[in-house]
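There are 4 protein chains.
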Amino acid sequence: MKTIKPLRERKNTAILLIHCPDRQGILATVTEFLNKNKGNIIYLDQHVDRQEKTFYMRVEWELENFAIPPGKIGEYFDTLIASPLKMTWKLYFSDEIPRMALFVSKMPHCLFDILARYTAGEWDVKIPLIISNHELLKPVAERFDIDFHYFPVTKENKAEQEQKELELLKEKNIDFVVLARYMQILSSDFVKQFPNKIINIHHSFLPAFAGAKPYHAAHKRGVKIIGATSHYVTSELDGGPIIEQDVTRCSHVDTIQNLIRKGRDLEKIVLSQAVYKHLQRKILVYKNRTVVFN
Amino acid sequence: MKTIKPLRERKNTAILLIHCPDRQGILATVTEFLNKNKGNIIYLDQHVDRQEKTFYMRVEWELENFAIPPGKIGEYFDTLIASPLKMTWKLYFSDEIPRMALFVSKMPHCLFDILARYTAGEWDVKIPLIISNHELLKPVAERFDIDFHYFPVTKENKAEQEQKELELLKEKNIDFVVLARYMQILSSDFVKQFPNKIINIHHSFLPAFAGAKPYHAAHKRGVKIIGATSHYVTSELDGGPIIEQDVTRCSHVDTIQNLIRKGRDLEKIVLSQAVYKHLQRKILVYKNRTVVFN
Amino acid sequence: MKTIKPLRERKNTAILLIHCPDRQGILATVTEFLNKNKGNIIYLDQHVDRQEKTFYMRVEWELENFAIPPGKIGEYFDTLIASPLKMTWKLYFSDEIPRMALFVSKMPHCLFDILARYTAGEWDVKIPLIISNHELLKPVAERFDIDFHYFPVTKENKAEQEQKELELLKEKNIDFVVLARYMQILSSDFVKQFPNKIINIHHSFLPAFAGAKPYHAAHKRGVKIIGATSHYVTSELDGGPIIEQDVTRCSHVDTIQNLIRKGRDLEKIVLSQAVYKHLQRKILVYKNRTVVFN
Amino acid sequence: MKTIKPLRERKNTAILLIHCPDRQGILATVTEFLNKNKGNIIYLDQHVDRQEKTFYMRVEWELENFAIPPGKIGEYFDTLIASPLKMTWKLYFSDEIPRMALFVSKMPHCLFDILARYTAGEWDVKIPLIISNHELLKPVAERFDIDFHYFPVTKENKAEQEQKELELLKEKNIDFVVLARYMQILSSDFVKQFPNKIINIHHSFLPAFAGAKPYHAAHKRGVKIIGATSHYVTSELDGGPIIEQDVTRCSHVDTIQNLIRKGRDLEKIVLSQAVYKHLQRKILVYKNRTVVFN
Chain A
352 MKTIKPLRER KNTAILLIHC PDRQGILATV TEFLNKNKGN IIYLDQHVDR
402 QEKTFYMRVE WELENFAIPP GKIGEYFDTL IASPLKMTWK LYFSDEIPRM
452 ALFVSKMPHC LFDILARYTA GEWDVKIPLI ISNHELLKPV AERFDIDFHY
502 FPVTKENKAE QEQKELELLK EKNIDFVVLA RYMQILSSDF VKQFPNKIIN
552 IHHSFLPAFA GAKPYHAAHK RGVKIIGATS HYVTSELDGG PIIEQDVTRC
602 SHVDTIQNLI RKGRDLEKIV LSQAVYKHLQ RKILVYKNRT VVFN
Chain B
352 MKTIKPLRER KNTAILLIHC PDRQGILATV TEFLNKNKGN IIYLDQHVDR
402 QEKTFYMRVE WELENFAIPP GKIGEYFDTL IASPLKMTWK LYFSDEIPRM
452 ALFVSKMPHC LFDILARYTA GEWDVKIPLI ISNHELLKPV AERFDIDFHY
502 FPVTKENKAE QEQKELELLK EKNIDFVVLA RYMQILSSDF VKQFPNKIIN
552 IHHSFLPAFA GAKPYHAAHK RGVKIIGATS HYVTSELDGG PIIEQDVTRC
602 SHVDTIQNLI RKGRDLEKIV LSQAVYKHLQ RKILVYKNRT VVFN
Chain C
352 MKTIKPLRER KNTAILLIHC PDRQGILATV TEFLNKNKGN IIYLDQHVDR
402 QEKTFYMRVE WELENFAIPP GKIGEYFDTL IASPLKMTWK LYFSDEIPRM
452 ALFVSKMPHC LFDILARYTA GEWDVKIPLI ISNHELLKPV AERFDIDFHY
502 FPVTKENKAE QEQKELELLK EKNIDFVVLA RYMQILSSDF VKQFPNKIIN
552 IHHSFLPAFA GAKPYHAAHK RGVKIIGATS HYVTSELDGG PIIEQDVTRC
602 SHVDTIQNLI RKGRDLEKIV LSQAVYKHLQ RKILVYKNRT VVFN
Chain D
352 MKTIKPLRER KNTAILLIHC PDRQGILATV TEFLNKNKGN IIYLDQHVDR
402 QEKTFYMRVE WELENFAIPP GKIGEYFDTL IASPLKMTWK LYFSDEIPRM
452 ALFVSKMPHC LFDILARYTA GEWDVKIPLI ISNHELLKPV AERFDIDFHY
502 FPVTKENKAE QEQKELELLK EKNIDFVVLA RYMQILSSDF VKQFPNKIIN
552 IHHSFLPAFA GAKPYHAAHK RGVKIIGATS HYVTSELDGG PIIEQDVTRC
602 SHVDTIQNLI RKGRDLEKIV LSQAVYKHLQ RKILVYKNRT VVFN
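Residue numbers (the numbering used here), protein chains in the order written: chain A, 352 to 645; chain B, 352 to 645; chain C, 352 to 645; chain D, 352 to 645.
Warning: the hint list may mix true and false statements.
[Said to hold, decoys possible] Result set (SDA-like, lysine to any residue): computed pairs, CA atoms no more than 20 Å apart in a straight line:
1) Lys489(C) <-> Val604(A)
2) Lys628(D) <-> Arg612(B)
3) Lys489(A) <-> Cys601(C)
4) Lys638(D) <-> Asp496(C)
5) Lys521(D) <-> Ile478(D)
6) Lys638(C) <-> Arg572(D)
7) Lys613(B) <-> Pro503(D)
8) Lys404(B) <-> His603(A)
9) Lys362(D) <-> Asn416(D)
10) Lys633(C) <-> Lys613(B)
11) Lys628(A) <-> Asp605(C)
12) Lys548(C) <-> Val399(C)
13) Lys628(D) <-> Asp396(B)
14) Lys477(B) <-> Lys404(B)
15) Lys628(D) <-> Cys601(C)
16) Lys628(B) <-> His603(A)
17) Lys489(D) <-> Glu473(B)
The set of hints was computed from the structure by calculation and includes no laboratory data.
Here the structure is a predicted model, which means the values were calculated and not measured.
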């Protein structure tokens with residue numbers, strides 16, 4: 352499958368995600384810093400939340416010709432810019448390919464969609480492993496040559512199994528986790544290990560129909576539109592920061608089975624769009640909301 | 352303004368809305384009845400809810416050449432078809448123009464949208480009066496030559512004022528009520544007088560953000576899509592059968608004020624679409640859900 | 352992969368697709384015929400095009416208890432109903448699983464989406480083979496255990512290669528063909544062998560941007576929405592009857608590469624929805640337009 | 352009607368719209384300039400088209416405390432920043448309320464929608480006059496107390512009538528023109544007087560169905576989605592830079608009359624959104640495409 356060429360062209364860039372209390376001149380200060388050091392900005396987006404008086408920014412620049420060596424950028428930026436302006440910031444490099452773990456249960460549609468993109472080279476990501484609480488989707492993992500780890504979960508063994516999963520994730524240097532219709536609630540302890548680094552897909556237009564069986568609830572309520580929501584997982588069930596949502600029309604002719612069928616197409620697209628944004632380092636989380644840059 | 356011609360062409364038709372326990376042959380029985388009596392069917396739509404085992408149908412036929420005189424159709428249909436099949440049914444005639452009352456408070460956008468359609472002859476409806484708990488929109492009513500009745504409502508006088516409103520509606524032979532952003536909760540007693548005949552617009556994608564200040568709640572939750580919902584009013588707040596919903600995208604750049612602005616366009620279009628469906632007799636209500644025929 | 356259960360429940364049904372000149376009583380005649388012979392109707396939808404004076408209908412009924420044996424239904428229906436009413440009709444049985452051939456070139460996203468649904472048991476279909484004018488996607492076919500046939504096409508050998516393809520399709524009893532981003536124009540001769548049985552996905556909102564490089568054209572024109580269109584192939588390029596369309600927003604920030612990326616998600620969903628409707632026998636074609644029942 | 356309060360809060364700001372050849376440091380240069388002179392930036396958005404190597408920017412800052420007096424900003428900016436960087440730029444002040452002329456023919460829906468927003472104080476705009484080639488909508492203008500000018504147009508008198516219209520627009524100091532379903536093609540001479548200052552609404556999803564009777568064409572082609580497009584008028588019919596588009600679903604059940612009815616709701620919302628963006632000075636035109644800032 353290596354014959355399928357990715358669409359992207361590779362550039363060596365650095366990406367800064369910043370938020371801080373708003374005040375005059377932040378933007379000028381940051382762009383001047385990059386400019387003076389010969390960093391060619393290829394993307395800049397910023398947002399000011401006037402209610403919260405908070406400044407958000409994403410800037411990406413080419414490393415070629417940049418005066419500060421990559422290994423020193425963080426230190427210089429922190430000393431010269433971030434500390435004085437009380438910034439919270441993260442620095443990424445485009446040549447560091449993130450490592451993602453997939454959690455699945457029985458439904459294959461999101462898994463297939465992600466593996467298809469992965470195989471086709473659509474995303475810059477590595478998927479070293481798939482974890483599941485069922486064995487059903489093992490053949491899919493095999494078909495795409497990805498390690499499949501089976502961790503059956505019961506009330507009794509949940510803490511223990513999660514511990515093993517965490518060890519495995521650590522061993523494999525996993526950066527973030529995608530729950531591709533994983534039908535187990537992760538414990539607070541697990542979630543705390545990956546803050547804003549676990550992406551879930553919920554099969555409703557949150558906050559409507561949080562929790563179990565949202566299509567049944569939607570059918571009962573007689574809604575005319577159903578949706579899907581991708582969000583970061585927090586300790587509050589289906590309450591984490593929303594990354595992406597989409598909807599589709601339905602009507603009285605749709606049975607619950609038909610809502611489930613229509614919903615699958617929403618779920619896989621919405622989840623993949625959220626993962627893509629995460630991979631591009633375009634998401635900032637602040638006070639349980641996301642800033643998703645364009 | 353009479354110079355603005357309506358788009359519709361007038362035909363004299365009868366419309367039957369039916370629901371009943373499902374069993375074989377209902378459709379054949381009804382169409383045969385119309386057929387034998389020379390009723391040219393110009394529209395037929397039916398739906399079977401297999402879970403509820405219920406049959407729904409809307410059929411419209413031309414009165415010209417129909418063997419049964421209009422004043423007798425109800426009786427004949429009930430005796431020959433509806434009673435044996437345990438049908439719940441309603442009969443309408445296209446030449447009976449429904450009479451609608453508008454309830455408003457301070458926001459004019461839905462009111463303007465409805466009055467513009469009314470004035471342009473887009474709908475077959477009469478609007479004998481507007482009722483409001485504020486005087487602010489009186490000039491709009493005057494501009495469109497419609498009687499404006501001011502009923503200020505307090506905790507103390509609410510029951511009394513609603514009584515006066517009901518008398519006025521009765522006096523003016525009002526068939527149904529449209530709450531065009533009326534910011535008062537109608538009492539159960541009021542609602543009971545107009546079962547499935549009060550149409551409300553709620554400024555959220557119900558059941559998300561029911562109750563007050565939905566745009567504030569949506570902003571706080573950080574949703575990526577906002578919506579509006581038109582529904583029949585029942586005694587449960589924002590819990591009645593949903594007629595129509597629509598949504599629009601938003602993002603972190605949208606302030607609450609901007610969500611309100613975007614939402615207004617949704618609200619007026621969704622409310623008007625619901626009213627239009629109601630006027631066309633295309634809505635059946637059953638167990639707090641609607642069947643909205645095409 | 353057989354462990355992944357399909358969602359559908361199997362019923363043995365017959366499906367009739369009918370169109371004919373409109374006149375009074377057609378619906379009653381058909382439903383009576385089924386009714387008298389103890390055919391329990393589980394789905395009925397009909398449409399009258401008043402401009403064209405044409406009646407369209409899809410009816411599906413359970414074969415259990417039906418008085419006429421399956422092998423005789425066509426004959427009886429033709430003699431008793433269709434001939435007198437000058438109907439054009441097709442009869443299908445739900446236990447006949449259609450056989451579909453996939454044509455692909457270099458882009459894998461539609462292929463992956465279809466094979467994922469196929470593998471997961473989402474559709475009642477058989478896919479005996481994939482045909483391609485490139486070898487690039489052979490590994491995908493192998494991964495899903497489907498025969499892959501490579502037919503390189505040049506100006507000179509096109510007629511000859513198409514002939515071989517047709518023979519192969521005949522040999523494998525293929526019912527219909529899906530062009531999953533097949534980047535070769537099929538000849539009129541080929542198309543005639545599969546009238547309204549070749550489904551294509553075009554990567555624009557037809558009729559805008561027909562022909563080659565639609566995303567480049569859309570970018571140049573500065574549209575704010577892009578789309579994808581699935582249609583039956585006729586001898587007119589991108590001019591056949593439209594089955595399904597969908598759109599997504601874009602803006603000045605989207606490069607051509609980004610339009611291509613966004614468009615892929617549209618293409619695969621729109622194509623799969625069209626194939627699903629086709630598999631359900633829900634599409635009637637008349638005068639280069641489709642009636643797509645719900 | 353003055354009792355209806357606008358939603359906006361008034362701030363005295365200046366707005367710069369800029370485009371120029373892209374090179375390093377433009378953003379830093381502009382923000383530094385504003386920063387040094389104590390201009391508090393309340394909005395900044397920029398876009399780089401890498402293919403065209405062009406930089407686009409919109410920046411808005413508070414005039415309070417700004418060191419350069421409003422009347423001198425243009426001169427200073429041009430000398431210090433724009434000339435050296437070869438910028439094309441426009442400067443606006445939020446306290447200059449634009450003056451808009453409406454052109455209409457027979458259809459009132461867009462006119463009503465705009466006048467409703469105007470009356471409700473939704474927009475910061477003045478509408479000194481309405482021009483029409485028919486007398487039909489005069490009563491609407493009167494109802495909203497706006498001058499109505501009737502200019503019947505024939506092949507013979509077109510040039511002469513347009514000349515009178517232009518004189519009237521000049522006399523009334525009109526800044527820009529909105530064609531609210533004006534069914535006359537303006538001459539190139541007329542259009543040249545208002546470059547990128549005439550906003551039209553076309554009742555199709557351009558470039559599909561340009562020209563006359565788009566709903567008839569859409570019906571004939573059997574599309575599953577219809578649209579509306581607002582664009583600046585150029586000498587090429589329906590070929591000018593697109594500002595905003597939106598779509599809605601349709602199907603085989605929709606007659607041409609029904610497409611027209613559905614389309615009206617699209618047209619009025621799309622046109623009003625385009626006018627709103629124009630009023631906010633959020634649109635830049637470059638090479639027949641628009642940059643529409645958020």
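Going down the list of hints, with the structure as the test:
1. Lys489(C) <-> Val604(A): violated, 40 Å
2. Lys628(D) <-> Arg612(B): holds, 13 Å
3. Lys489(A) <-> Cys601(C): violated, 38 Å
4. Lys638(D) <-> Asp496(C): violated, 50 Å
5. Lys521(D) <-> Ile478(D): holds, 14 Å
6. Lys638(C) <-> Arg572(D): holds, 10 Å
7. Lys613(B) <-> Pro503(D): violated, 37 Å
8. Lys404(B) <-> His603(A): holds, 14 Å
9. Lys362(D) <-> Asn416(D): With a Cα-Cα distance of about 13 Å, the restraint between Lys362(D) and Asn416(D) holds, given a limit of 20 Å.
10. Lys633(C) <-> Lys613(B): violated, 37 Å
11. Lys628(A) <-> Asp605(C): holds, 15 Å
12. Lys548(C) <-> Val399(C): Violated: Lys548(C) and Val399(C) sit about 24 Å apart, past 20 Å.
13. Lys628(D) <-> Asp396(B): Between Lys628(D) and Asp396(B) the Cα gap is close to 42 Å, so the pair fails against 20 Å, i.e. violated.
14. Lys477(B) <-> Lys404(B): violated, 37 Å
15. Lys628(D) <-> Cys601(C): holds, 16 Å
16. Lys628(B) <-> His603(A): At roughly 14 Å apart (the allowed maximum being 20 Å), His603(A) and Lys628(B) satisfy the hint.
17. Lys489(D) <-> Glu473(B): holds, 18 Å
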